[in-house]
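K.L.:
Sequence:
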Amino acid sequence: IKKELRRGGQVFYLHNRIVSINHAVSRIASMVPEAKIAIAHEKIDKEELSDIWHSLVVGEIDILVTTTIIETGIDVPNANTLIIEHADNLGLAQLHQIRGRVGRSSRRAYAYFTYPKGVALTEIAEKRLMAIRDYTEFGSGFKIALRDLEIRGAGNLLGAEQHGHIDTVGYDLYMKLLNEAILEEKGGESVKKTECSIDLSFDAYIPEKYIHVSTQRIDAYKKIAAIENDDDLNDIRDELNDRYGKMPLPTDNLLFISYIRAMGSACNISKIEQRDGSIIIRPQLLNSAVWTEVAANFKGRLLLNVSAKPYISYRIKKGDQPLEFLCNILKNYIRITTKNG
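All the letters of the sequence shown, read from the start, carry residue numbers -15 to 325 under the working numbering.
Since the hints were derived computationally from the structure, they do not count as laboratory data. Be careful, since some hints might not be right.
[Unchecked claim] Pairwise CB distance ranges, derived in the manner of DEER restraints:
#1 Thr98 / Leu269: 50 to 58 Å
#2 Asn163 / Ile318: 23 to 31 Å
#3 Lys206 / Leu162: 47 to 55 Å
#4 Thr321 / Asp215: 16 to 24 Å
#5 Val3 / Tyr99: 18 to 26 Å
Bear in mind that the values here come from a model prediction, so they are computed numbers and not experimental data. C-beta atoms are modelled at their ideal positions from N, C-alpha and C, and glycine is treated no differently.
Please model the complete structure; the sequences and the hints are all you need to start from.
P.N.:
Have a look at this one:
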């Protein structure tokens, strides 16, 4: 940083956690007290952010401590040193894109991709960092894309402009149907998984005020949709809180509902709905022995109805946390089913 400032340049310092970004600023300021430092991240008001970009472009800022918000749409030829903390947490294409923020003039540029001392990198993270180190020449974007394809697989690289049947049914469903067809051709039988429909009266979405950038919001939706267990739920909650600040209630609800849907499928439940102040659980096929044991663990809160279309219900009481309660019910069902073999 001092070397860059001595030659009259500017620095991007990427710290991708909003909750601790001020601590990073204090640490940098203690090492380079003469530098003028500013912060940029997704939670800052648009007008204030615009003023920060202007100050950066005209040279009033020496060091910009920022999140991945600099990934696109900013061109500062005088900024030719980039330092990224926890580069092992970022994707290869994202690292390449961010690296492009420096080296936009005739002056030699430097990009440092760092990770914590003593941390054992995952195989994928190590491959990403090796690729970003190896492909440094001008026009290496295509090689980066191919390397990313090798590391991640082709699935997520297919964009919105899809053709034929993929465009008709969507990529996820198309791949599901394709895999089933391939398995059938090989003489195997595909495992039929119950799709659990959720109809609950809770706001469940990611507000634009929480994640301003639409591509990042879509990426968050994809990650949330892939939740399958407690670890997934906690990892995504920690990531969102770290990157964007405290999670709003509708987003927290969305995480719970995605987890409930995954557990519902695992429990062979076709639908979970809210009706007249009660939560109704409709299993594909009622396992009365298991559900009786589950009900016993909730001290009369669950009611089993064994009519022609059996269901389990519980009435929501004042002060209840229905989504957490639902999670506990389904976890109990999975635990008992596993115990009984």
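K.L.:
The structure should be examined with respect to each hint, and the outcome stated for every one.
P.N.:
Here is how each hint holds up against the structure:
{"no.": "1", "hint": "Thr98 / Leu269: 50 to 58 Å", "in the structure": "holds, 53 Å"}
{"no.": "2", "hint": "Asn163 / Ile318: 23 to 31 Å", "in the structure": "holds, 25 Å"}
{"no.": "3", "hint": "Lys206 / Leu162: 47 to 55 Å", "in the structure": "violated, 19 Å"}
{"no.": "4", "hint": "Thr321 / Asp215: 16 to 24 Å", "in the structure": "holds, 20 Å"}
{"no.": "5", "hint": "Val3 / Tyr99: 18 to 26 Å", "in the structure": "holds, 19 Å"}
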